[in-house]
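Visitor: Protein chains in written order, with the working numbering: chain A, 1 to 365; chain B, 1001 to 1365; chain C, 2001 to 2365; chain D, 3001 to 3365.
These aren't lab readings, by the way, just hints derived from the structure by calculation. Incorrect hints may have been included.
To be verified - Okay, derived cross-link-like pairs now, DSBU-like style, lysine-lysine, Cα gap no bigger than 30 Å in a straight line:
#	chain 1	residue 1	chain 2	residue 2
1	A	Lys213	B	Lys1312
2	D	Lys3365	B	Lys1361
3	A	Lys312	B	Lys1361
4	C	Lys2021	C	Lys2075
5	C	Lys2184	C	Lys2060
6	A	Lys75	D	Lys3322
7	D	Lys3143	D	Lys3365
8	B	Lys1021	C	Lys2146
9	D	Lys3312	C	Lys2365
10	B	Lys1365	D	Lys3146
Stated by the list, open to error - Partner residues aside, some chain A positions facing chain C, computed with beta carbon under 7 Å:
#	residue
11	Pro31
12	Leu357
13	Asp358
14	Ile360
The model shown is predicted, which means the values in this text are computed figures rather than measured ones. For each residue, glycine too, the CB sits at the ideal point set by N, CA and C.
There are 4 protein chains.
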Amino acid sequence: MSGSIYGNKFKISTWGESHGKALGVVVDGCPAGLELSEEDIQKYLNRRRPGFSEFSTPRKESDAVEILSGVFEGKTTGTPISMIVRNTSQISADYGDIATYYRPGHADYTFDQKYGFRDYRGGGRSSGRETIGRVAAGAIAAKILKELGITFTTYVASIGDVSINRDKFDESFILQNELNMPDKESYEKASILLSDTMAQNDSIGSCVECIVKGMPAGIGEPVFDKLDANLAKAIMSIGAVKAIEIGDGVEVSKNTGSYDNDGFIIENDSVNKTSNHSGGILGGMSDGSDIILKAHFKATPSIASKQQTINKSGDNIEVCIKGRHDPIIGPRAVVVVESMAAITILDSLFDNMSSRLDRIKSFYK
Amino acid sequence: MSGSIYGNKFKISTWGESHGKALGVVVDGCPAGLELSEEDIQKYLNRRRPGFSEFSTPRKESDAVEILSGVFEGKTTGTPISMIVRNTSQISADYGDIATYYRPGHADYTFDQKYGFRDYRGGGRSSGRETIGRVAAGAIAAKILKELGITFTTYVASIGDVSINRDKFDESFILQNELNMPDKESYEKASILLSDTMAQNDSIGSCVECIVKGMPAGIGEPVFDKLDANLAKAIMSIGAVKAIEIGDGVEVSKNTGSYDNDGFIIENDSVNKTSNHSGGILGGMSDGSDIILKAHFKATPSIASKQQTINKSGDNIEVCIKGRHDPIIGPRAVVVVESMAAITILDSLFDNMSSRLDRIKSFYK
Amino acid sequence: MSGSIYGNKFKISTWGESHGKALGVVVDGCPAGLELSEEDIQKYLNRRRPGFSEFSTPRKESDAVEILSGVFEGKTTGTPISMIVRNTSQISADYGDIATYYRPGHADYTFDQKYGFRDYRGGGRSSGRETIGRVAAGAIAAKILKELGITFTTYVASIGDVSINRDKFDESFILQNELNMPDKESYEKASILLSDTMAQNDSIGSCVECIVKGMPAGIGEPVFDKLDANLAKAIMSIGAVKAIEIGDGVEVSKNTGSYDNDGFIIENDSVNKTSNHSGGILGGMSDGSDIILKAHFKATPSIASKQQTINKSGDNIEVCIKGRHDPIIGPRAVVVVESMAAITILDSLFDNMSSRLDRIKSFYK
Amino acid sequence: MSGSIYGNKFKISTWGESHGKALGVVVDGCPAGLELSEEDIQKYLNRRRPGFSEFSTPRKESDAVEILSGVFEGKTTGTPISMIVRNTSQISADYGDIATYYRPGHADYTFDQKYGFRDYRGGGRSSGRETIGRVAAGAIAAKILKELGITFTTYVASIGDVSINRDKFDESFILQNELNMPDKESYEKASILLSDTMAQNDSIGSCVECIVKGMPAGIGEPVFDKLDANLAKAIMSIGAVKAIEIGDGVEVSKNTGSYDNDGFIIENDSVNKTSNHSGGILGGMSDGSDIILKAHFKATPSIASKQQTINKSGDNIEVCIKGRHDPIIGPRAVVVVESMAAITILDSLFDNMSSRLDRIKSFYK
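Using the sequences and the hints, build the whole thing.
Guide: Next comes the structure, spelled out in structure tokens:
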């Protein structure tokens, strides 16, 4: 099946492996007339670039993007935008022995079961480098959304048992620290935790939070294509995500209706809510308040500690995973979550355009 | 947009409103040769039928299903299966005043924002009765899966702060109690909690858990159409779900790699795992162990307590929601979660059939 | 696979067999706010209704449609519109022996090869009655298009070797004769030809032409989703169609560029063309002139003459097909062609709404 | 909308413009285990390569393909295959004045109407070079089909009024003449016609025929996803095609049922037909005989003769199109028709795999 294409009207088709020649994406359905340069894309790619922090893999990649089509005289033409990033620092030698066994927590075993064999170099298609295509496309979606007044604030909300202090939330700090946390205090605590974890040849889990501001109400489709349903798929499709929450998320199952419900209120002639437990979505459609979602990432499965597993010959063995790995996934995944949310929301905005006859008539008058 | 069609090869198209003439579903892509009767469907529909428990709405509906097409001489023909359930107990009078204001926690406001007006009777299309189509289709998917050796165990895992006792798990008890819990002790505790909640004119949240046994390994597609991503969409598309977890779910963000990873082990000549924190899915593909997922439902938004809201004229008002409502969503949603999981998994099995050239050649030899 | 769902944003899901309980369609993606009654649908269905002409099957069906959902207070709500037509005059006894052999020119053999068995009564799902769902949905699409100023003129352009006289084209005559031809002279000639054909226990082919007026320019997508490509699929999916032409159609392969090209010209301040060989489509997008398409229908395969075929036991046999059959397909298919064209064009109009950033910004301002 | 993605399970996403940096395609859904090299692709691309015949544009391009992903150790891995062809001979200077007016028969006007502006260099995305992606993907589809015993014979069947002589059909001659005709006599006649046409600064239309041998019966889906419907879309989506015929095509509308019908017959213990008017498809499914389809191409719209048109300022003007153009489209389009047919048929084979429960059970046993 075709599992590497996403979206309904704003469609992205990603490709590439960790240790292949290049990775990239084709964006089909980008509207014409958007000013777009490689710099717009590069800014986003740099947020997930490896090798520039003590808490990320030492594999250094410039991840320089080239736009190959779909842009003419500085503007999108409405035809497919093809973008490519060449791999430059792949060292296949690192991965020779991985070919013979199945790493715990990785997709080695499932890939072999599905396809009969796999590109074992650096995880092949299941590598985190697969997200390059998502982020390059996400940069475009986010740029369009910004023109519509819709913006994103995305950050690491917790690492292990260290959670952010919401009273000290400082949006400007997010991109100033390599853990992408929004307050200095928790960043420092988390840094110590991460150093300890690395010292123990271990890795750790994390939670990424994304806030979407400026949404018009009524976006999303009732029943199967609910906005939250599509966001859930988008976010859960990111490697290592094991849970997705909207608004209060798992907490709702413990609470009562009188608590979960958000009252509506007219303030300064505009509709508002007395709280936002719903996370900005009611009945699968945006309600005009901020969309709030959380993605829970498991710890990086590649750890240098001894683990039990099997090899392709069917023997029980013990392994320590060597090579260049991140000790945590969340910080570099912040921009991936934001990208997938942006693509999904933009697509929902497009889908919504034919929902009312009066609006269609105005459009075509 | 077309939001009421779901699935890629096993496609379901649902329709109908709470207080319309009927509800139903068309299943397109059901393989030929399955023995199918209305009784097969009815068994599933009865698990979500209202009016038969002190903890569900007093609206009594027999929800009798009629198969209109796609079955000939007791077997599916491969052509669309149309199924219909007539509404019999709708009382529109109940809903006169709802037309004028927006109920907190409901889709009233978002429907009006999207479409300009709405069928306000009983929530219209956003009513829980919408799930009739899902369950009728799910009954077919589950029957096919059973022939392939894949089975479901689905139950309420918690209600408010009452969680099940996993040491006393009794599968046979699930369908014997109206809360669909798997142990008597928690059922009794939860019953008391529910009675108290109802006495306070309130409602309460709940968590539904679904275990899928017998999955072959390698099902699901890497990248966007991961099995867990598709399950996340399927489950989050059910009204009132605000979070979805696979395996350890939200807990993974607090744990380390040495804990999150499941070791592989050969036992009795077959591949097994030393734990199942991954919930049966690695890299978006089934790993052959049980799939475990959790859906968190918010409390029923319709409560008879006083709530703040606004009316269509733009006034701030206070309302108490009358009518016939469930005080909890989870128990009746158990079969809905199971249905959506079954449809999604069956679709993934179909998608997987063209993944390897050798298997395609065997198929067409 | 799911072969009975059509459309991208205006999606129709049809179901039902010739001799089953009923046939119908679910329309998902119809915009909210359209005034819609059963009469709007019935008018279209009556144009394909059997039993009311000497040149159609004597099977009499009222084909009365019932709308089951998606309409509230006389207007579409934006949610799925389910429509049903009960079969009343099915006589299964007619079809007993058909079960045992494969009728030439029919789908009996291919159905058995695909599905292992078939509903043989009246052709089952491959019956012309399958088009009821298309026409019910087409009536809605055409009504929306009319509000946008887009209208259809569809008629039989030839029967056997009798072609219409374009100099005597009289649009009002089309619905006044049971052959749906646009001039009296050819209608009379064709009537004689048909009577002769029937007298010889034979049937005859025909060509249906469809003109779409009022199209805005720029509708359709470059490359795969060209407007003509989508129309070709839509029309070729109608049973018995073996060729589809746009504009000059097959003639273009015989002509030169200086002939095939249509010059542009400014007349009365608006863009016009000096000819319309392109049939209103250039590069897959509407050019603002009339869209012209032709569908070629083979003769009805059910004929009472002796034909060679095989039975399920693998014997060579000879058969005469009895039962109630049309001697020609075109006249009753006129409204089917119009319906499929309307659905396709409406879908293309919806798809086109997100093609330009400036228009998207106006929409969401 | 996303108009540059085609296919359901074997999905291709093409990109690139005539005078951009490169063109290419991402193939998603190619099964794992196919031996694949750049040479396999290059062979197909060379069949449409420009600059190597007196009857094609003098623009010389090597059209050398590079595979960037999805192949490991010489075999497809099941993940996306990205292929790229760099433009090397684009001369934008040629196209300066085209920016200001609308060429008759081209997509200039419709592109501007849809998107507000266009990449005017060499037709941009509407150039024939767009088919590079189709052919690169088609080479893969055709290679898989060959392993399943399905092969293609595709050729130019007529140019202007010169048709092939079917009695002298010589398959081996097709690739030995630059017009890709299957008999020497008509090739020579057509060459003279073409030289004359070019001398008159004109171009000419042509018809391409494609025969598919080795099809199993039962492929294609009833109703909308009929095999012929999908082929019609695939072929009509190729630039300059204005008509598509299956089997007898337009002729069926002139004939009788006793002629159009193909009798079934058992010969040497296998099912055969006494004729093949149906072109190998009955009720939208393959009947096991050869599939026969015809695509009618209009003459190349770029001609050096004087034509009437308008410029962007709204003036009526006369133009002669200069630059490097083919005088005929068919010969270089032969491999494009074959590619689109191959992709469509492969996709139908994949779709068909879940049509019967017994076969699904065998697959997953």
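Visitor: Take the hints in turn and mark each one as holding or not.
Guide: So, going through the hints one by one against the coordinates:
Of the pairs offered as hints, the one joining lysine 213 of chain A and lysine 1312 of chain B holds, with about 25 Å between alpha carbons and a cut-off of 30 Å not exceeded. Between lysine 3365 of chain D and lysine 1361 of chain B the CA atoms are separated by roughly 16 Å; this keeps the pair inside 30 Å, and the hint holds. Only pairs whose Cα atoms come within 30 Å are accepted, and lysine 312 of chain A paired with lysine 1361 of chain B is accepted, the gap being roughly 25 Å. A C-alpha spacing of about 28 Å is found between lysine 2021 of chain C and lysine 2075 of chain C, which places the hinted pair at or below 30 Å, so the restraint holds.
Distance hint between lysine 2184 of chain C and lysine 2060 of chain C is fulfilled; the C-alpha atoms sit about 26 Å from each other, no more than 30 Å. Between lysine 75 of chain A and lysine 3322 of chain D, the direct Cα distance comes to roughly 27 Å. Compliance with the 30 Å bound is thereby established for this hinted pair. With a C-alpha separation of about 28 Å, the suggested pair lysine 3143 of chain D and lysine 3365 of chain D falls inside the 30 Å cut-off, and the hint holds. At roughly 29 Å between alpha-carbon atoms, lysine 1021 of chain B and lysine 2146 of chain C fall within 30 Å of each other, so this suggested pair holds.
Between the alpha carbons of lysine 3312 of chain D and lysine 2365 of chain C the distance comes to roughly 29 Å, so the proposed pair stays at or under 30 Å and holds. For a cut-off of 30 Å, the pair hint linking lysine 1365 of chain B to lysine 3146 of chain D stands: about 13 Å separates their Cα positions. With a cut of 7 Å, the hint placing proline 31 of chain A at the interface with chain C holds, because the nearest CB-to-CB distance is about 5 Å. A distance limit of 7 Å between C-beta atoms decides the matter here; for leucine 357 of chain A the minimum to chain C is near 4 Å, and the interface restraint holds.
With a cut of 7 Å, the hint placing aspartate 358 of chain A at the interface with chain C holds, because the nearest CB-to-CB distance is about 6 Å. Residue-level restraint check for isoleucine 360 of chain A holds (minimum Cβ-Cβ distance to chain C is 6 Å; threshold 7 Å).
Every hint, counting from the list given before, is met by this structure.
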